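> One-letter residues, chain by chain:
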Amino acid sequence: MTTQKRLAALLLIAALLVSVAACTKAPTPPDSTPGTEGTPGTTPDTSQPPVTQTAKELTDWVTYLTTVNEMETFNILYSQNNKELQVLTNCIDPLITHDNYGNMVPAAAESWSTDDNGKTWVFQIRPGIKWVDYQGNPMADLVASDWLYGLEWVLNFHKNEAKNTSMPTEMIEGAAAYYNYTKDLSEDEGKALGLDVFLSMVGIEARDEHTLVYTCLAPMPYFPTLATYNCLYPAAPELIEQLGIDGFRACTYDNMWYTGPYTITTFVAENEKVLTKNPSYWDESCKRFDTVTYKMVESADVAFQMYQAGQLDHVDLTESNLTTIYNNERNELHDNLVEARPTKYSYQIHLCYDKNQEDGVTADDNWNKAVANEAFRLAWYYGLDATNYLSRTNFINPQKCANYTYTMSNLVSFSDGTEYTARVRELLGIVPDDESFARLDAEKAQAYKAQAMEELAAQGVTFPVRADYYISGSSQTALDTANVLKQVFTDCLGDDFCVLNICTYISSIANEVRNPRKASFYINGWGADYGDPQNYLGQETYGEDNAYYSEAYSKINDATDPQLIATYQHYTEMVNAAAAIVDDMDARYEAYAQAEVYMIEHALVIPWYKNVTWQVTHANDYSKIYALYGCQTNRFVNWVTSEDAYTTAEYDAFAAAYETEASR
Amino acid sequence: MEKEKIILSAKDVEIQFSLRGDRLTAIRGCSLDLYEGETLAIVGESGSGKSVFTKSFLGMLDQNGSVTGGSILFEGEDIARLKSEKDWRRIRGGKIAMVMQDPMTSLNPLKRIGQQVEESILLHQQLTPAEARKEALHMLELVGIPDAERRYSQYPHEFSGGMRQRVVIAIAVACRPRILICDEPTTALDVTIQAQILALIRDLQKKFGMTIIYITHDLGVVANVAERVAVMYAGQIIEIGTAEEIFYDPRHPYSWALLGALPQLGIKGEKLPTIEGTPPNLFNRITGDAFAPRNRQALQIDYQVEPPYFEVTSTHKAKTWLLDPRAPRVEQPDSIKRLSGRMTVDYGSARHPHEDPDRETLIQVRDMQVTFGTGRRKFVAVDHVSFEIYRGETFALVGESGSGKTTIGRAITRINPISAGEILYKGRRISGRISKELDREVIKGCQMIFQDPLASLNERAKVDYIVSEGIRNLHMYRDEAERQEMVRNALCEVGLLPEFASRFPHEFSGGQRQRIGIARALIMKPEFIVADEPISALDVSIRAQVLNLLNELKTTYGLTYLFIAHDLSVVRFIADRIAVIYKGRIVELSEAEELFRHPLHPYTKALLSAIPEPDPAVERNKDLVVYDPSVHDYTEDKPVWCEILPGHFVFGNSAELESYRAALRA
Amino acid sequence: MLKYTIKRLLQSLLTVFVVVTIVFLLLRLMPTDYYFTEDELIKLTDEQKDDILQAAGLKDSAFVQLGRFYAAVFRGDLGTSRRIMNGKPVTEVIGDRFGISMRMGCMALIISLLVGIPMGILQARHKDGVFDHFGTAYTIFINAVPRLVSYSLVYILGVRLLRLPAMYSTRQPGVSSILPILCLAMGSIAGYALWMRRYMVDEMTKDYIKLARIKGLTPRGIMFRHVLRNAFVPMAQNLPTTFLLTIGGSLLVERFFSVPGMGPLLTNSINRYDTNVVQILVMLYASMGVMGMFLGDLLMSAFDPRIRLTGKGGESR
Amino acid sequence: MTDSIRSMFDEMPEQGGRIYSTEALEQMTGEPEEKLFSFAEYHPEEAERTGYSDYSYWKSVWRIFLKKKFAVAMVILFLAVFVFSFVALAIGKYQYDSLVPDNRQMFISPNGEYWFGTDNIGRDYWCQVWYATQTSIKLAAIVALGECVVGVVLGCLWGYVRKLDRFFTEIYNILYSVPTIIYMTLIALMIGRSFWIMCITLILFHWIYMAKNVRNLVFMYRDREYNLASRCLGTRLGTILSRNILPYLISVIILRLALSIPSTIGYETTLSYLGLGLDVNTPSLGILLRNSRAYFLDYPYLLIFPAAIVSIVTVAFYLAGNAFSDAADPRNHV
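Just so you know, the protein sequences line up as chains A, B, C and D, in that order.
In this note's numbering, each residue's number is its place in the first sequence (first place is 1) plus 114.
In this note's numbering, each residue's number is its place in the second sequence (first place is 1) plus 213.
In this note's numbering, each residue's number is its place in the third sequence (first place is 1) plus 64.
In this note's numbering, each residue's number is its place in the fourth sequence (first place is 1) plus 35.
If you are wondering where the hints come from, they were derived from the structure by calculation, not from laboratory data.
Only a predicted model underlies this, so the values are computations on that prediction, with no experimental measurement involved.
Here are the simulated DSBU-like cross-link-like pairs (lysine-lysine), alpha carbons at most 35 Å apart as the crow flies:
#1 B:419 with C:274
#2 D:102 with C:270
#3 B:299 with C:274
#4 A:514 with A:669
#5 A:409 with A:514
#6 A:197 with C:123
#7 B:419 with C:270
The following label-pair restraints were derived from C-beta to C-beta distances:
#8 B:543 with C:193: 56 to 62 Å
#9 C:191 with D:339: 30 to 36 Å
#10 B:833 with C:195: 54 to 60 Å
#11 A:615 with C:174: 54 to 60 Å
#12 C:81 with D:97: 48 to 54 Å
#13 C:110 with D:229: 24 to 30 Å
C-beta atoms are modelled at their ideal positions from N, C-alpha and C, and glycine is treated no differently.
Go ahead and model the full structure; you've got the sequences and the hints to work with.
Spelled out as structure tokens, the structure:
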């Protein structure tokens, strides 16, 4: 090759490399507001006097999320995941939010009322709320019709892609029809739809700028609790106009509009996001941080190291961290171990009543006969000691995780302040105990076991009964937990009765396990969507399409045992009767409690545990919003914090104070 | 020869290598005086230590070797004692330089030719870069590189082998060394190029007054360049003298053997004198004369006492007991006498198969073309070639490397597919798709012997398997016993011991391996054998063995050969008819003696003139004919393949043919 | 030259096309449950899931989707992400991330070239010396021991002893990049040192080196004028690939140190069934792969005059 | 002896040549002059035998390999670890199959009862580590063998059959130009994770490198003269490949085999770390390493034991492979 050619080759390479390099031009550094600069405010300030009761509060909060929990969308109407909602809930105000005791408090709606036992609901929208951009510049006024646009968006198949439709379609008049109507349109037609058809079909209207009216399918006394949920959030038509349909769905932190207490000012995917106080927020009285920073970490372990390095203000503890700190009294964090509040999920053992063999086709008669036998189920109910299992989550106070009811505690309360699940426990005769699993009754368990073995042997059931339990093949934690569970079965019921068989699925529990009905039972948690026991108990009814667990898990509708079916039918009647009571809430709750007790006493579903973990933190969890439904929990408003991490003693005091205050 | 100044004096040099835990004594007490300005040739077979010995003058022994005894005096210093690279740098280049065997690898492929020459100029002559560049250009011109200005900035791969060797020589000479060691500088080159390089070395020696040590295994080459000749065997110089003395009056039986084995001195139809066996294993201690086991005229004492040097003349010494007055008188062999003119050369009664009316055409090649590659990379290796081979003859194909001669051989044995024309075997077409039976018949009937005895045997298989591979494939035996018998017979046939069957090829010497290759072909009882340069990779002493064997087999079995060679000297000895091939075209084809007597095509003439004659008197006075393809002007007058005399074909256009006819008439 | 370039580019295009099609079809064989988050899987009914998939266009047959995809690509529309960041154009999703991967990768590349190559040279020059043994031990350790283990070691040493940040931070890109860059460079230093040494040792046994010695050239001169450049040629072939692959980022390192780069994007997008991102990423990686090979050949031809880039492949003669 | 002859030689100058004295010669050899200076009998067979060389390729390979002390030591260490993994399981106080989680025993540092301590759910780590060692070695060995078998067979075809060249080159490009992790992820998510799936996928994506290597060698040997000779003799393709070419590839195959083991183990750990490796029911060293990732700052022993074993295995094979490749290079047979 001649020199020229070689030169040409070199030039070509250079050109290609340069063009590649040009495409990779260093991204502009994320906009950072002055407030977010510098180290977070947790650096211990040595010049401060020793800790006093009136430790200084934090003005900036630094928290973390694991990278798998990175946001996938900024559109709150589109999101169905906690990972986005926990951030976005700070950005846009709902009609109603909660306080730290779980009470509904006004947000964008100043007040709400119904005149017909909950068939139509009128919300008075607070005047003067502004939509702002991410830098806090006012863009438009928030008016009642924004909720119309918001709901239209949600229900329009082509705009929100079928996300978040389940609750509105179940509750609001005409919502399902409108959804189906848009689904049949072509994409372009659907996207072109305005409010006209929507308003003519769906039970929602804006009487004036500040009056919003919803019409439900039936009287729904709990409808306002739905108003805390993101499916009933507003959307600014101006913004939709500006960004276009696709653009609005894919809005980003720097082009979306805000009405909430914070705006997102920095976002680096999988690394960091910063929320900054919204200067135009309507509620000037509420306490807010100047900035809230989320650090995205690869694992909880990394978070712990960052906490130790003073880079985070709180951290949830992993098994190993907790063990190390707890077992070593001289550990600097030993006194700072504090228990978090329970998460909103209530975990149950969901039995499958129409199980198949491993081939997924032929029925597993042995199991189906056994599980239809009430004595068999009650042997589990009374015999299984969850303590070791609970220790997986909380080995210091395992009983804090004990769950004796189907409904999650603190969901609703009677008018006298009695908490609903306390009433259920009372009816069940269970007194929670810090030392042992209160439900346990070895004698009864033995008796039921003997009875079940006798009855079932007569039906030709062979013992031990094999119970197939499925876990994800990729999760080490699930395997560890399953091994513990297996040991629990062995220890409590003996290997002659029932043996746990741990199986794995690859990717989809629905396709691989649930639909072919390969598992004997599932341990699954349910978090409430709205504030009514119906949301829990309605999932287990017999013969009803929208009973999620009956349909997807227990397959009770395909069971054949007449006695079992009768029991279920009775339970279903009790639930429906309770649902029909819409004028007296106490009576309604009492009826639900009776139904729940019936369900548990016949061990149709076996309550199992709830999540109470340990942490070290600079924030008082009891000052945070606490709600079991909706998406308000993670709003950074009115938090009580301290420059020094709280101690176990301080937290115990908080808890005690909270209990007293709550029961008042 | 008048006494001149001794420039370098090696005394009792002993060089040892450690190899696989053993010690190998490569040079066993070798002494040599080198005179200023002379050209000394060191001749010997591979493994004789000629190269190692001279490398020790430069400190260029391989890592595992060292001078373990003796001294090498150069400029008043014993350079055998030098250890560090730093010390050696005083000697290397500026004092003693070297030209290595393989020009293809001895230039840095990534540096411009000019720079590489310049580098040694800058190292050894105090010149500015500009002057050095001028000097480098001058050097390039001096070694005969035309258009030096342009060539200066080219890379080695743009040069042919001969040109590269010229560059290597230029680099060595540019150091202005006092001694230039040429280590087989032409072995890797074509005959015509070899002749040119030899001439160049002679010129340069005259111009710069260097002392030259010329190392070669080929006595024919020596006659051309050397004033003095040293013959080495098994790490010792066994005879040394002026070129005339060594060629006309050699005294050591090994020198006789070496000279006698040259096919140039052979008589057609007769056996060449050979040296049986292989050189001794230098791992072992050698007692007596190392050559004794291979010497038919060895004396008892040869096996027991190492002979001293006997001075024949003041310049001629030989290390053999035969010169001892007590020893019986042994006549020099006939071939030596022929050389020294005491007998006349007779090429014997050549057969003329093409004149035989009953001749049977065994192989017919018609208009054959072989191409490699496709599209723009298409390369025509053989271009419309036609010839016939008659039963019982030896048909030789001669040409330089890359001329397509091997391709023709492989096309006939169907290793390479042909792209046009056809090949007939006993009148039946064997090119392209053929029936199974014919395929079997051709496999049986046509066999091949390969060039490189190292590469042509499967190192990982036993001789037994190698030899019986063909009969296995065609199931040419009834049972295992018969197969073994066939293998044994084949081995005996080629002069190997039957017990060799259970050994692996690496245990054999080159000549033995080549004979295994012949046995492999022979066992098929073929009628026709393509011998692809069967001797060119062999040492001179072994060549004769193989040539004799081939001739013997031919008479025994009535074999027909297609003998491919690059060297006309060998061909003259063995072939009945010769075809000369140049760049894929046969340019001349004729009965052997006719070709030698009346070469027509200029390329044939060039090839003939390049044959190294083992006769200093002839060599020194011969005119080298250089072939220049541009003499042909084929733009208008297209050349044709024309039978200019009965049995004598030549390729040329009408004008050329006319001139050839005129030459023949003259 | 031009003709060759065009031919190579067309060939590369074909390879990329085949790779993307294969991955595209493989993706469609994946269970669609990956499209949903755990939160969604807990609550959504199969019907709702179907609706969502239908809205996302993932319900059509694979070939219809493939046709649509290529039609869009042909129009220059690379589509939008669905699960990495909903609705964000894939180009932006990738654009956000590859800058950081590339900066880090380039730093590591520069460091490893600056350290690895001199290390290889020194090792080759002082073959069998103390430094050579030390270097060899290092290369053996790095090459043999699984990366996970050596990164863990770096992690422990860096975080515990040197108190370096365990996590990449956009606020202190300098300090927090030390450990990831160290991990990245650690391996490639070993690679460069190993190959440089090997090629140089190989080169030093060549005949032309003997000739250079015979000329009287000093070992230094031989090293710098002859060996170095020749040994560098085979290294040069891999350089563009290595360079381009820095854009791809290192999955392991970026996961380890929470670097918001390209590395984890690929597995994340597959895990989340974000088909558009996967396809474009595969297209990108495949193009980089083939471009790397092509540029490598070009670069080699620039260094090595023997190589003529004509016809197929960069074959030397 | 040479010296004594020379001195005699110098003392005895005579007219034309210089001669050793008869007396001295007779004395030296013990034979009379007439006998010494008579012709010896000539044995052509002896001449044939002289050049016999005792060089053997494999013997030399083995000899040079043994010279690499460190590599040999590492191989012995590896063998010790491998054998010990069986012994360890037998002498351990707990059986892998009957391990029970026990939250009172979690994170116990190595002691007399738990030689390698306990893990996060209180199970003995000793038997887990050794069990995992066996799994990993088994996996690596199977993958290495599989790669070799597939790679050699297809590589031979690739190299020998010119028509297939294009096809295989395209496959190579496809596999080479895209990070394997894509395919691995897809497969893990589609088919799942298990020991055999892992084996097969690793073989599926790695054979090509072996094949490429083999192909280049076959290319080199394909047109060697001895293969031409075989073709000339009508030897079939299969026989040529297996008898003529394969034996030359053995050293390369062994090298690849040895180097494939550390790379497989390394790959397995990476994949396991990413959650794409074996399923959690089949503990390999990779899985243990991944699990320890969450704990190693608090409980370093959970990392150290598997890491040390992984390192021993991989370094041993790496060194052995390289030592072997040095030894197999005929240039080093000096």
